[in-house]
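Modelling step: build the complete structure from the supplied sequences, incorporating the hints.
Just so you know, the protein sequences line up as chains A and B, in that order. Taking full-length UniProt numbering as reference, the numbering of the first sequence is continuous, increasing by one, and the terminal residue is 602. Taking full-length UniProt numbering as reference, the numbering of the second sequence is continuous, increasing by one, and the terminal residue is 227.
Check each hint, because a few of them may be wrong.
[Stated by the list, open to error] With the Cβ distance kept under 8 angstroms, some of the chain A side facing chain B (calculated, not the full set):
hint	residue
1	146
2	150
3	155
4	287
5	291
6	298
7	303
8	314
9	317
10	373
These aren't lab readings, by the way, just hints derived from the structure by calculation. C-beta atoms are modelled at their ideal positions from N, C-alpha and C, and glycine is treated no differently.
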Amino acid sequence: MLSPERRPSMAERRPSFFNSTGPNANPLIVPHLAGIEDPLPETTPEKVDVLIVGSGMVESVLAAALSWQGSTVLHIDKNDYYGDTSATLTVDQIKRWVDQINNGSIPFYENAKLYVSTLIGSGKYASKDFGIDLSPKILFTKSDLLSILVKSRVHQYLEFQSLSNFHTYENDSFEKLTNTKQEIFADQKLPLMTKRNLMKFIKFVLNWDKEPEIWKPYANRSMAEFLVEKFRLEKPQVFELLFSIGLCYNIDTKVPEALQRIRRYLSSFDVYGPFPVLYSKYGGAGELSQGFCRSAAVGGATYKLNEKLVSYNPTTNVALFSDGSKVNVVEKVIMSPTQISEDSKNVPKQPYQIHRLTCIVEKDCSTWFSEGESAAIVVFPPGSLKSGNKQVVQAFILGSGSECCPSGTCIWYLSTTEQGVRAELDLDAALEAMELSIIRETSTDIGDDEDIVQFGSNGQTLINSVKLGKSFKEYVPREKLQFLFKLYYTQRTSTPPFEVVDPTLFNVNKDTEKFDPEASDNGVLYTSMPSAEISYDEVVTAAKVLYEKIVGSDDDFFDIDFEDEDDLPGSSQDYENAIEDDDEDMGIDKSESAEFVGEMEI
Amino acid sequence: MLQFKLVLLGDSSVGKSSIVHRFVKDSFDELRESTIGAAFLAQTIKIKDTETQEDIDIKFEIWDTAGQERYKSLAPMYYRNANAALVVYDLTQKNSLSKAMSWVDELKSKVGDEDLVIYLVGNKLDLCDNVENRGGKEQEEEENKRVVTTQEADSYAKDQGLLFAEISAKTGQGVKEVFQTIGEKLYEIKKPELLAKKNREYGRNSSEAVDINIQRPNTNDPTSCCS
Numbered sequence: 001m002l003s004p005e006r007r008p009s010m011a012e013r014r015p016s017f018f019n020s021t022g023p024n025a026n027p028l029i030v031p032h033l034a035g036i037e038d039p040l041p042e043t044t045p046e047k048v049d050v051l052i053v054g055s056g057m058v059e060s061v062l063a064a065a066l067s068w069q070g071s072t073v074l075h076i077d078k079n080d081y082y083g084d085t086s087a088t089l090t091v092d093q094i095k096r097w098v099d100q101i102n103n104g105s106i107p108f109y110e111n112a113k114l115y116v117s118t119l120i121g122s123g124k125y126a127s128k129d130f131g132i133d134l135s136p137k138i139l140f141t142k143s144d145l146l147s148i149l150v151k152s153r154v155h156q157y158l159e160f161q162s163l164s165n166f167h168t169y170e171n172d173s174f175e176k177l178t179n180t181k182q183e184i185f186a187d188q189k190l191p192l193m194t195k196r197n198l199m200k201f202i203k204f205v206l207n208w209d210k211e212p213e214i215w216k217p218y219a220n221r222s223m224a225e226f227l228v229e230k231f232r233l234e235k236p237q238v239f240e241l242l243f244s245i246g247l248c249y250n251i252d253t254k255v256p257e258a259l260q261r262i263r264r265y266l267s268s269f270d271v272y273g274p275f276p277v278l279y280s281k282y283g284g285a286g287e288l289s290q291g292f293c294r295s296a297a298v299g300g301a302t303y304k305l306n307e308k309l310v311s312y313n314p315t316t317n318v319a320l321f322s323d324g325s326k327v328n329v330v331e332k333v334i335m336s337p338t339q340i341s342e343d344s345k346n347v348p349k350q351p352y353q354i355h356r357l358t359c360i361v362e363k364d365c366s367t368w369f370s371e372g373e374s375a376a377i378v379v380f381p382p383g384s385l386k387s388g389n390k391q392v393v394q395a396f397i398l399g400s401g402s403e404c405c406p407s408g409t410c411i412w413y414l415s416t417t418e419q420g421v422r423a424e425l426d427l428d429a430a431l432e433a434m435e436l437s438i439i440r441e442t443s444t445d446i447g448d449d450e451d452i453v454q455f456g457s458n459g460q461t462l463i464n465s466v467k468l469g470k471s472f473k474e475y476v477p478r479e480k481l482q483f484l485f486k487l488y489y490t491q492r493t494s495t496p497p498f499e500v501v502d503p504t505l506f507n508v509n510k511d512t513e514k515f516d517p518e519a520s521d522n523g524v525l526y527t528s529m530p531s532a533e534i535s536y537d538e539v540v541t542a543a544k545v546l547y548e549k550i551v552g553s554d555d556d557f558f559d560i561d562f563e564d565e566d567d568l569p570g571s572s573q574d575y576e577n578a579i580e581d582d583d584e585d586m587g588i589d590k591s592e593s594a595e596f597v598g599e600m601e602i
Numbered sequence: 001m002l003q004f005k006l007v008l009l010g011d012s013s014v015g016k017s018s019i020v021h022r023f024v025k026d027s028f029d030e031l032r033e034s035t036i037g038a039a040f041l042a043q044t045i046k047i048k049d050t051e052t053q054e055d056i057d058i059k060f061e062i063w064d065t066a067g068q069e070r071y072k073s074l075a076p077m078y079y080r081n082a083n084a085a086l087v088v089y090d091l092t093q094k095n096s097l098s099k100a101m102s103w104v105d106e107l108k109s110k111v112g113d114e115d116l117v118i119y120l121v122g123n124k125l126d127l128c129d130n131v132e133n134r135g136g137k138e139q140e141e142e143e144n145k146r147v148v149t150t151q152e153a154d155s156y157a158k159d160q161g162l163l164f165a166e167i168s169a170k171t172g173q174g175v176k177e178v179f180q181t182i183g184e185k186l187y188e189i190k191k192p193e194l195l196a197k198k199n200r201e202y203g204r205n206s207s208e209a210v211d212i213n214i215q216r217p218n219t220n221d222p223t224s225c226c227s
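Right, here's the structure in full:
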């Protein structure tokens, strides 16, 4: 049963703690050598506060938050690897994963098709030379997740690199983004008037929520209209702002959402250097998940991979596992939809599709990267592709400096929020555009597509592979790009494109009368599948909502401070969630900020 | 200052944590160099360059398993870029050496670095033998809990090319020496590489991606500048 009162936190249970628990209470001080000071319990716990099933990003952040808060956590995953929907996998692991999708053992993924060149495995590359993300993500330097990474010190387990090149694909070429004031001024191509208008807009957007007079009249209209009518910007600037800087999905994006997203980019710029975004080496969300799980373990959580929840009985609070063991769960069972047990009947609907295409090419693609960097974002705005795309296709390019692929190769992650069959056409068109572009930009390469073999000796995979093989060969021009790996898949999610998780999703049916006696998952609280969002922005929001459901309040979410000599230089507390703020929601009237619009004059 | 990542392996309750505890907290406490376990523990030792007699600081970044070994649930992150490993067994536990052996295998399959220094460590020496140090014979028979012989572990270690020692985290016997030996060994192995790197530093390879230290945000505040 969910206790109506907050449980004492780890700090409160320490004898030295005599502080109030209000929001202004001192953060919990974790003693030097915590986690290794007390011997760990020898056996599986018989009783835990929270059972978390699935080790994806949100679940892992939640596990760490709860452990440091003082809850006992048992965290399991049915897979033999960490990360679940956020995992970073080797090529061999991807092969297994694709088979599992196609035989139906991983729900909410479908239509997986895979090619692996014989060069991987039996050729010059090994499976484990590659780390392929199932949900590739970038990290804005001014974001709530980054603050939590620093506060929890999980960042010390990770290595980060910068990403500053955002390209917009337009008229068959990649335009590099002009994103700094200096660049705007220096840009020879921009007319003076446009420069002035652009600067005006940038000045406004950094404090847009304080100037409702400017945008409120446009609140229900599209950002594109707002930029054209109010700021007299022209299509190239509108597209850059919306799609490259804002990373919006389509031209209809509403004003408040777009403003929030554009500011996210601009306010992240120059926090750690002249770039807005970071990514973690060796893999993205998969690495971060491992880091948060390790943090949770240090905080006392118990970890068990290869373990599946068979059933949970909300009346007796007993959770039963596939290895026959049992645990008594005092408060809540949290489960990822991909980890469902048989006879699960309460999984939320996942109506939206995210289509992904992940390729590994034998080319370093360094022409797309900024100097000293090894990654780039390429955005294909609506209407820029041969397929007449209505939704944006986003591509995240990772070179070998990320240690996710060997030298001389590069990973291309393409994705779109387009639904249905159109999506794959858009992805193919974007891939073709990238392929032509990289071939044009670099010296000719001798490719040999005889090396490309289909993978999958059984059922669905094979049929799909053959179909795919034909269309693929048609696309490749004579001066070929060597593809080492190609993976298509569709992931489902409950989160509509553009939104962060819907908190009502977590309103679990607590009414025992409504329990389905046949169901194995009564009373289980499901997490959301990853959304299409290319940044980590939804993660903390989702973890916080779940945390509040369990603890009763999110006041002490990662409210920890580690006792240390060389204290961290103040990591700013005023972070914001770029998409959704907890209390000051973007569309809500803010009458108190009725300042005059003097800012409009430059 | 050279920095190396050191991981601990071995079954639960063989005393991995107490070895680190002893090493980090006891011997170098006054330096207050150790950082907290939420990330990992850090401890610095000094070694001597055998040729130049120069003092070299070696900083260990020590990763404890945090219990994730119990169900074989250690993440790839744990092993990544490890330079040295302590594989610990319990001198007073019957299967403990064979379990340590399987950790050695696991380690060799997970860590890419061929120069990985593995130290096989038998812990809880304080519960074992040493007739000379004991009083009456009756007492010794009661207290000697050793079940793994020195010879058995030593020959395995020699066979596998591992360093080997029997220690006691409780009394501190041999603990310091283990880390000292690892430091010296790592320095010896990495020295040529380090020298080569030093010479290359001037003409930095531009294709090498630059890592960002996110701990210290870049501010425009001139007072925060280290000049």
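Verification of the hints:
Look at residue 146 of chain A: its Cβ gets to within about 7 angstroms of chain B, closer than 8 angstroms, so that hint holds up. With a least beta-carbon distance of about 7 angstroms to chain B, the hint placing residue 150 of chain A at the interface is held under the 8 angstroms criterion. The restraint placing residue 155 of chain A at the interface with chain B holds, with a minimum CB-CB distance near 5 angstroms, inside the 8 angstroms limit. Checking residue 287 of chain A against chain B: minimum C-beta separation of about 6 angstroms stays under 8 angstroms; hint holds.
Taken as an interface hint, residue 291 of chain A checks out: its beta carbon lies about 7 angstroms from the nearest beta carbon of chain B, inside 8 angstroms. With a cut of 8 angstroms, the hint placing residue 298 of chain A at the interface with chain B holds, because the nearest CB-to-CB distance is about 5 angstroms. Evaluation of the residue 303 of chain A hint against chain B yields a held restraint, the C-beta minimum of about 4 angstroms falling below 8 angstroms. At about 26 angstroms, the closest approach between the beta carbon of residue 314 of chain A and any beta carbon in chain B exceeds 8 angstroms, and the interface hint on this residue is violated.
Below 8 angstroms, beta-carbon pairs count as interface contacts, and residue 317 of chain A has none with chain B, the closest being about 22 angstroms; its hint is therefore violated. Evaluation of the residue 373 of chain A hint against chain B yields a held restraint, the C-beta minimum of about 6 angstroms falling below 8 angstroms.
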